[in-house]
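Trainee: Spelled out, the chains give:
There are 2 protein chains.
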Amino acid sequence: MILNYIRGNVLLSYKERFKYFLKERNLKYTPERKEIIEAIVKLQKHFDAEDIYKQLRKQKSNVSLATIYRTIPLLIDSGLIIETLHCRDKVLYERIYNKKHHDHLVCINCGKIIEFYNGEVEKLQDEICRKYQFVATEHRLGIKGYCKECQDKLNIKNNNSKEKNKRDIKHDS
Amino acid sequence: MILNYIRGNVLLSYKERFKYFLKERNLKYTPERKEIIEAIVKLQKHFDAEDIYKQLRKQKSNVSLATIYRTIPLLIDSGLIIETLHCRDKVLYERIYNKKHHDHLVCINCGKIIEFYNGEVEKLQDEICRKYQFVATEHRLGIKGYCKECQDKLNIKNNNSKEKNKRDIKHDS
DNA sequence: ATATTATTGAGAATGATACTCAATTACATC
DNA sequence: GATGTAATTGAGTATCATTCTCAATAATAT
Ligand SMILES: [Mn+2]
Ligand SMILES: [Mn+2]
Ligand SMILES: [Zn+2]
Ligand SMILES: [Zn+2]
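Line order of the protein sequences matches chains A and B. One point on numbering: in this note's numbering, the residue at position 11 of the first sequence is 11, and numbering is uninterrupted. One point on numbering: in this note's numbering, the residue at position 14 of the second sequence is 14, and numbering is uninterrupted.
Hints are all accurate, no fakes.
Note that the list lumps identical chains together, so a pair holds whenever it fits in one copy or between two copies.
Okay, derived cross-link-like pairs now, BS3-like style, lysine-lysine, Cα gap no bigger than 30 Å in a straight line:
| # | residue 1 | residue 2 |
| --- | --- | --- |
| 1 | 23 | 157 |
| 2 | 148 | 100 |
| 3 | 123 | 144 |
| 4 | 60 | 28 |
| 5 | 60 | 15 |
None of these hints come from the bench; they were simulated from the model.
Start from the sequences and build out the full structure, keeping to the hints where you can.
Mentor: If you want it as C-alpha cells, here you go:
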C-alpha cells in the first residue's frame with residue numbers, strides 16, 4: 001500500500017499523490033482538483049472549507065464551494081488531510097501527508113491551539129486496541145483547558161505539580 | 001468547589017445539583033428545567049438534543065426544542081453532562097456527574113461505540129499539561145477504526161500484536 | 001401583592017453542508 | 001484527432017441542526 005506513495009525512492013508530492021489516487025479510482029484529474037490541491041498545500045495548520053475557498057480566490061481560481069465540499073472526502077480518502085477538530089460548528093482539517101502525527105491542546109478561553117506529540121499516546125492506543133480487538137485507523141487526543149496567557153488573564157491557578165486531593169463520597173441517587 | 005456538590009456526607013442528586021447551580025447563578029428553577037433534568041437521568045449513554053426532546057415527550061412534557069438547546073449549556077456548566085462526540089453532524093452528550101471518566105473507540109463502519117478507561121491517559125494529560133503550562137479542564141481520547149465484527153465482515157486483518165514496519169523515505173516537495 | 005428579571009414557545013433566521021440537474025469535460029479507444 | 005461514455009462541474013436549491021427574536025408568562029425577592 002505505502003508503495004503507491006513512492007516513486008523511485010522519493011515520496012510523491014501532494015499533487016502527484018492525489019493524481020495517483022484519482023487514477024487508482026478511475027476518477028478524473030480536473031483543473032478544479034488541481035487548483036484545490038494547490039490551495040491545500042498553501043494553507044496554514046488548521047483550516048475549514050471556507051479557508052480553501054478563500055485560498056482558491058487568492059489564486060484567481062473560481063472553483064465553487066460545492067466542488068470543494070465534494071473534494072474534501074477525496075483528500076481524506078487519499079490520506080492527504082484529516083478532520084481534526086470541530087470548532088464553532090465548523091469542521092477543521094489539516095494536512096497529514098508526510099507530516100508527523102500530533103495531538104492538540106485547545107484553550108477554551110482564547111481558542112489557541114497548541115500541537116504536541118507524545119509517543120506514549122501511540123503505545124496506549126496499541127494497548128487499548130489489543131484489549132478490545134479493535135483495529136485503529138486513527139486517534140485523536142484533545143485536551144481542553146486554559147493556556148498560560150489566559151490563566152494569567154483570568155487568574156486561574158495552575159495545579160500542575162501538586163497532588164490532587166481526592167475523597168470518598170457517597171451518592172444519594 | 002466540590003463542597004457545593006455535597007450535603008451532609010452525600011453527593012447531591014442530579015436534580016439537587018442542578019437546582020443548586022441555578023440558585024448560585026440567580027437563575028430560576030422552572031418546571032421546564034425540572035422536566036429536562038428528569039429526562040436527562042433517564043437517557044442512555046450517548047444522546048443528542050433530539051433524544052432529550054423524545055424522552056420529554058415520553059414523560060408527557062411539552063418543553064420546546066428551543067428550551068432544550070438553551071438548557072444544554074447550563075447542564076454542561078453545572079458539570080452534569082459533557083459534549084462527547086460529533087456523530088453525523090450531531091453533537092452527542094453524556095452524563096458525567098458522579099460517573100467515571102472514560103474515552104471512546106468508535107467503529108467507522110458500523111458506528112458502534114466502545115467505552116474504556118485507561119489510567120495512563122490521565123497521567124499523560126498531567127505530564128503534557130505540565131510541559132505546556134496548560135490547565136486542563138477535560139480531555140478526550142477518541143480512537144477510530146474497526147470493531148471486531150466489522151473486521152471479520154470486511155476481512156480486515158488485525159495487526160495488533162505484530163511489529164510495525166517502518167522505513168526511511170525521502171520527500172520531494 | 002408588587003416589582004424585577006428570567007424564561008418560555010413559536011416561528012423565523014442562520015449557516016454549514018449536501019443534493020439536483022443540465023451542461024461540460026476528461027480520457028480511453030478507435 | 002474524433003467519438004463515446006462516464007465523471008465532473010456550477011448554480012441554485014434543499015436540508016437540518018442550532019440559534020435568535022419577541023411578546024407573553026412566570027419565578028423569586030421584598
Ligand atoms: Mn494540528
Ligand atoms: Mn461515553
Ligand atoms: Zn488561551
Ligand atoms: Zn463495527
